[in-house]
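Note that the protein sequences, when read in sequence, are chains A and B. Residues in the first sequence are numbered from 210 upward in steps of one, following this note's numbering. Residues in the second sequence are numbered from -11 upward in steps of one, following this note's numbering.
Since the hints were derived computationally from the structure, they do not count as laboratory data. Check the hints yourself; a few may be wrong.
Examples of chain A residues toward chain B, derived with CB under 8 Å [to be verified]:
#: 1; residue: Gly371
#: 2; residue: Gly395
#: 3; residue: His411
#: 4; residue: Lys415
#: 5; residue: His417
#: 6; residue: His457
Ideal Cβ placement from N, Cα and C applies to all residues, glycine included.
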Amino acid sequence: MASAGGRRGFDRARQKGHHGSAMGRPRVVVVKSSAVWTPAGTLDPAVLARMFARGLADLTGERDSAQAAAAIFRPGERVGIKVNTIGGRAISTRPEVARALAAWIAGGGTAGRDILVWDRTSRELRDAGYAISTGRSDVRVFGTDAGGAGYENSLTDHLDVGSLFSRILTEFVDASVSLAILKDHGLAGLTAGMKNYFGAIHNPNKYHDDGCDPFVAQVFDAPPVKSRHRLTVVDALTVQFHRGPSYHARWAAKFGGLIFSRDPVAADHAGWAVLERLRRDAGLPTLEAEGREPSYLRTAERMGLGTSAAEVVETVVGAGP
Amino acid sequence: MNRRSFLRGAAGAGLALGAGLPAVRLRPAASPAGPSPSQVEARYYVKLPDREIECRLCPRSCRLGDKERGYCGVRENQGGAYYTLVYGKACTLNVDPIEKKPFFHVLPGTTALSMATAGCNVNCKFCQNWEISQVRPEQVDHFDLSPEAAAAKAVSSGCPSIAYTYSEPIVFFEYMYDTARQARSRGVRSLVVTGGYVNPGPLADLLGVVDAVKVDLKGFSEGFYKAYVRGALGPVLETVRAVAASKVWLEVVYLVIPTLNDRPEDLRAMARWLHDTAGPDVPVHFSRFHPMYLMKNLPPTPVSTLEAARETALAQGLRFVYIGNVPGHEAESTVCPGCRQTVIRRLGYAVDTSRLKKGQCASCGTAIPGIWA
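In isolation and in its complexed conformation, chain B is listed as follows:
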């Protein structure tokens, strides 16, 4: 998916600008890019009087009248029943290195079948994938891909995992949940890449069918979440807490944005909170910001800022702290906390060497937490 395919109008069907209004043609009704929403009822909502509903999937609790859509843009009240419009309607499907998600402690060196639909329940001003996350399903090219077909595709592509990623998978919850069940029945793991803005009930259900969750912790203050994410921090922290308390593997990414969420005291508080909540072994990735979407007025994060953030987190007792989006940086690699030897050496999204033996450091035998096989 790229912007050109989204921005259909640019392709234009013979625009004739010289005489009055340009010529247009109607899209054939059967076009895959046309408005052909699925008709799968959403799972987390309550019906209210007068054909209204209240969504219970995420903390927004959108209360909607007939014909209205939620903040995510992919769920619609149709006559008093609530439907997901993206079930089985993938807009993106790629085979990616698992390191790209990033998951550093899950099956390193393998690929993940990575999929998404349109939609997101927040609106980060620095979104990297806004062309699919900040649009409605009918505004983006998509294709039919059932949960069964997605799981089969992972197997046929040699991917031991499926990653629900790129946009916000919580908004295609039903599709993700059913795909994860299908994947598990075929021995394929499921990885969720999420902002973590979800209610506890749906999250608990999801944790029963997936294997790993990477939470994008976008800042560590409510003010930042309100101003730049259009969400709230509290529910995200509860998600981190719930995943950490479950048997599902957790990693955390923190995109460091110059001047906005890079205050040392915030980073220190975040690292301390993570340590106390998720334990010292939760991998934390400090990722480099690049100007994007509605935030093109800031420079890329200085590498020194990322290194300082990493030092802060290590000082708080976190044992696996990485730097992301800086290819070739030594902090891309996993270092054994026992002997300080490099256990997994990474170069960008590739694993260069691995000295991990059955989940232990080959040098000193220290157990390295993660999903390794």
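This is chain A alone, in the form it adopts within the complex:
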């Protein structure tokens, strides 16, 4: 559990502004590391841990992990980490990344049993390499389809959205982190932190018309998400920058980055910028030129969910401690 000092850190962060920036201007931190990949092509957990520590320190302005965590989560809160595993092992939020975030949160004072890594189904989690865990002693990992979880009994009817939300989000956790994967999306243009919450509703297939606009913004704006979302972390270690959301090796790049923000719109804008950078490097047209820029981000900004004009800080983490 967070200490009293952690509580003070949370209050300080609140005084700095809703999105945790000292100047009141939302901040995005992009942490890159070429050292995160081992020669064998696996992820180096030590480097990952440093990327998280650095990113969240820069985001919150708190060098101490406990203070940084306390700036994001309240003491005693149960924290859900919503991952995106629809892409299988090739292009999903990596289990190593989820573990590193869970460890960072636990290091900040949250008990392991109060941290839950989740997605739509346990099968998709398994297929993406996660070990399902439903015990009570440590970080738990399971899908909404797990017995005892499921969807809410009542529809959430919010603007153009009518959906049943996962009880994991509405009943099992108090605070939510969108730990998304960064991908091109044939219909939406981009899938990152905001669209990740499509995996929290029972009927995401109904919201892919018109570039998923305004549905991505409206699902996020719905009380089950908006009231719990605290942090976006975008796994941009491997980025599917074209022909997503499915995996295509020739359009997947090892970008080696993690994107952090408490502003969901700003985080996704930063992800969009990365995507465009990789597309340009590959000689591909912009999403706008292809008529599929993520217009839902403009809608989200108009709805007051965040900004496209955040302060973006880029940091590189090396191999050594």
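Here the structure of chain A is known, so what remains is to put chain B in place on it, guided by the hints.
This is chain B only, laid out in the frame that chain A set:
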């Protein structure tokens, strides 16, 4: 099927809310409610480069990458091939009065084995069966029922017909098609209750194996279809036109929703279009709306509105115009257009009396169109 069985989580397996996160248990892999999709390849799609596909079943033309599902939620691209996940996976099976579908000119007073799977290719805000139509197959309890078994079940249940209904049967097209063929081989008719949002090619194939189609015409403007149905009117009108031009019996239902699709000029235009396209004998049912799903902010349709709609349709020359969802209303009954005598008197879903003799009015001998035997 009811919402309780869908909302599995509510049953909860010993939730312990007091200490940290609640306890959960994983559903056994063999559970019938678990994700055990069928592996029957879909019939109407084209393969594209890079393991993508384009569905050609309905006008949405969903273009999907590997592991993605269509708008209907029941068809999935698996490695560049497209599969229906609901073939042989019924979620609902009931013996219903045929009047409940409603079909008023098809075998009155009989029962129809009525079946559905999960899924729908639109998202009507007033859906009456959203708990099965607006969910994915793994989110609803279902059971194995092969086309052969469904046809045999109809026979053993004394049902002269099978109705594909409740959700949207177009999304379980392959299952419906094969069941209809099995049913026909046993002398059982097939009735399709659909929103009509389907491409002409699949529809033509379907019309070769079924006997009657009831189209839910949900409005008569593209604006209404876009805003409240999440579909398009044009393809539905083409479906009505195609069924009317075929040998398959057609009936049309129009759910009248207060303030949204009840403008007299729209109803008049719709009735005129139906008359000109399907002829004066197509039965039209004006059904009463009840607050439902995402449209609970409107009152039930005033009966006077339904009666006005009926008068409008009759004035346009349609000869068999009914009022639905108003049990006991006189417009539930079939009136002979020749002598104005009641030919079939209905009370709710029941046939009270029938004065139909070999498809003709017993009083004056006027032929009443329909499937009567």
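Item to check | Hints that the structure is at odds with (numbers, increasing) | outcome: none
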